[in-house]
Amino acid sequence: MVDRVLFGDLGGGVFGCRASRPGYDVKTATKGQLLYDTSAIVFQKVLSGETILVSGFPYAGTYNVTGPSLPSEYASYSNLHMWANLYCPGVRAPLIDITAQQGIDLRYGVEDGVVKFTLTVASTVITVSGDTPNGTIKSSWAVFNALMS
Amino acid sequence: MTNRIAFGNVFGDGSMYGGRVSMPGYDALTEPFNSDNVPFDTRYTMLGTVVKAGLINCGAGPVPFDDLGYEPIAAIFPYFSGRLGNYNVRSFGGSVPHYWIPAVAIVTSSSIEIVPFQLGQFYNAQAFYNPVGQPFQFYVFNTDGLGVS
Numbered sequence: 001m002v003d004r005v006l007f008g009d010l011g012g013g014v015f016g017c018r019a020s021r022p023g024y025d026v027k028t029a030t031k032g033q034l035l036y037d038t039s040a041i042v043f044q045k046v047l048s049g050e051t052i053l054v055s056g057f058p059y060a061g062t063y064n065v066t067g068p069s070l071p072s073e074y075a076s077y078s079n080l081h082m083w084a085n086l087y088c089p090g091v092r093a094p095l096i097d098i099t100a101q102q103g104i105d106l107r108y109g110v111e112d113g114v115v116k117f118t119l120t121v122a123s124t125v126i127t128v129s130g131d132t133p134n135g136t137i138k139s140s141w142a143v144f145n146a147l148m149s
Numbered sequence: 001m002t003n004r005i006a007f008g009n010v011f012g013d014g015s016m017y018g019g020r021v022s023m024p025g026y027d028a029l030t031e032p033f034n035s036d037n038v039p040f041d042t043r044y045t046m047l048g049t050v051v052k053a054g055l056i057n058c059g060a061g062p063v064p065f066d067d068l069g070y071e072p073i074a075a076i077f078p079y080f081s082g083r084l085g086n087y088n089v090r091s092f093g094g095s096v097p098h099y100w101i102p103a104v105a106i107v108t109s110s111s112i113e114i115v116p117f118q119l120g121q122f123y124n125a126q127a128f129y130n131p132v133g134q135p136f137q138f139y140v141f142n143t144d145g146l147g148v149s
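Line by line, the protein sequences are chains A and B. For the first sequence, the positions run 1 to 149 when the numbering used here is used. For the second sequence, the positions run 1 to 149 when the numbering used here is used.
Check each hint, because a few of them may be wrong.
[To be verified] Computed Cβ-Cβ distance ranges for the label pairs, DEER-style:
1. A:G13 x B:F117: 43 to 49 Å
2. A:P68 x B:N9: 28 to 34 Å
3. A:D3 x B:S81: 25 to 31 Å
4. B:M23 x A:V114: 25 to 31 Å
[Claimed, not checked] Chain A residues, not near chain B, derived (Cβ > 12 Å throughout):
5. G11
6. Y63
7. P71
8. Y77
9. T136
For the record, the hints were derived by calculation from the structure and aren't laboratory data. Backbone N, C-alpha and C fix where the C-beta goes; we use that ideal spot for every residue, glycine too.
Model the full structure from these sequences, guided by the hints.
Structural data, given as structure tokens:
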């Protein structure tokens, strides 16, 4: 059995915690063999959810949508990262299969502690792999707190 | 109050030496393996930590990180003045705007760079949009996605 977890003096004057992946000795593991390292960037999820961007027939145009506010304890953080995806409920294929000549664009971020989206629909009728999603376009998103190195 | 952190002979019966940390309200000693309520368990082969992240411009050359010994998973998002974007469109002509940014990440075990997308001699995305200079937010994860144990 190998040593897997190390707390305290990690060597070279560095103090922290490391855990190696199964089968690797934490004392000799390379960075790629570590499961956890206090010097690594950890994505702490602050908030996640789904937001309706367009309801009904998606006419061409730009839609500015405001999502929820972050919990007050996170609102002023300066290392927030937001990831978001688009999808149409009930449609067989993801929106990345939108047919040629019909476009959609999503830009998103956290501004002043509030989740915000700008959706641009370039073509009035959007078809996805033969389906016509005359319903809702949603975004599934998450906001993380992560200090970048 | 529940037990949130357990290290060493975790269950007291010699079945696991390592460590577990549970979410608030969940017991690290009784939650099952792979429970969503246990974000840290030394039996996992990856935790989704990020070894390198930041902004780079398309065409600006490779950004180095510590050699992981394998080609890691990476994610890139185009960056627009504080917001990230999704570019879900194939619009290779006509009057509809191009929202797809034709760039890809090339990832080695120790570097990442963003380059214009070009597929052999037949398709050169730069013919309709040159992404050189476009900023991208990138994330390099400490996992190859296949399990390393």
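Evaluation of the provided hints:
The given range of 43 to 49 Å is respected by G13 (chain A) and F117 (chain B), whose C-beta atoms sit roughly 45 Å from each other. Checking the proposed 28 to 34 Å range against P68 (chain A) and N9 (chain B) shows it is violated: the Cβ atoms sit about 43 Å from each other. Taking the beta carbon of each, D3 (chain A) and S81 (chain B) are about 47 Å apart, not inside 25 to 31 Å as hinted. Separated by about 26 Å at the C-beta atoms, M23 (chain B) and V114 (chain A) satisfy the suggested range of 25 to 31 Å.
With a minimum CB-CB distance of about 16 Å to chain B, G11 (chain A) clears the 12 Å threshold, and the non-interface call stands. The non-interface label for Y63 (chain A) is consistent with chain B: the shortest C-beta to C-beta separation is roughly 14 Å, beyond 12 Å. Against the 12 Å criterion, P71 (chain A) stays outside the reach of chain B, whose nearest CB is about 14 Å from its own CB. With 12 Å as the threshold on Cβ separation, the claim that Y77 (chain A) sits away from chain B holds: the shortest Cβ distance comes to roughly 14 Å.
With a least CB separation of 16 Å from chain B, T136 (chain A) remains clear of the 12 Å interface cut-off, as annotated.
Checked against the numbered hints above, the structure violates hints 2 and 3; every other hint is satisfied.
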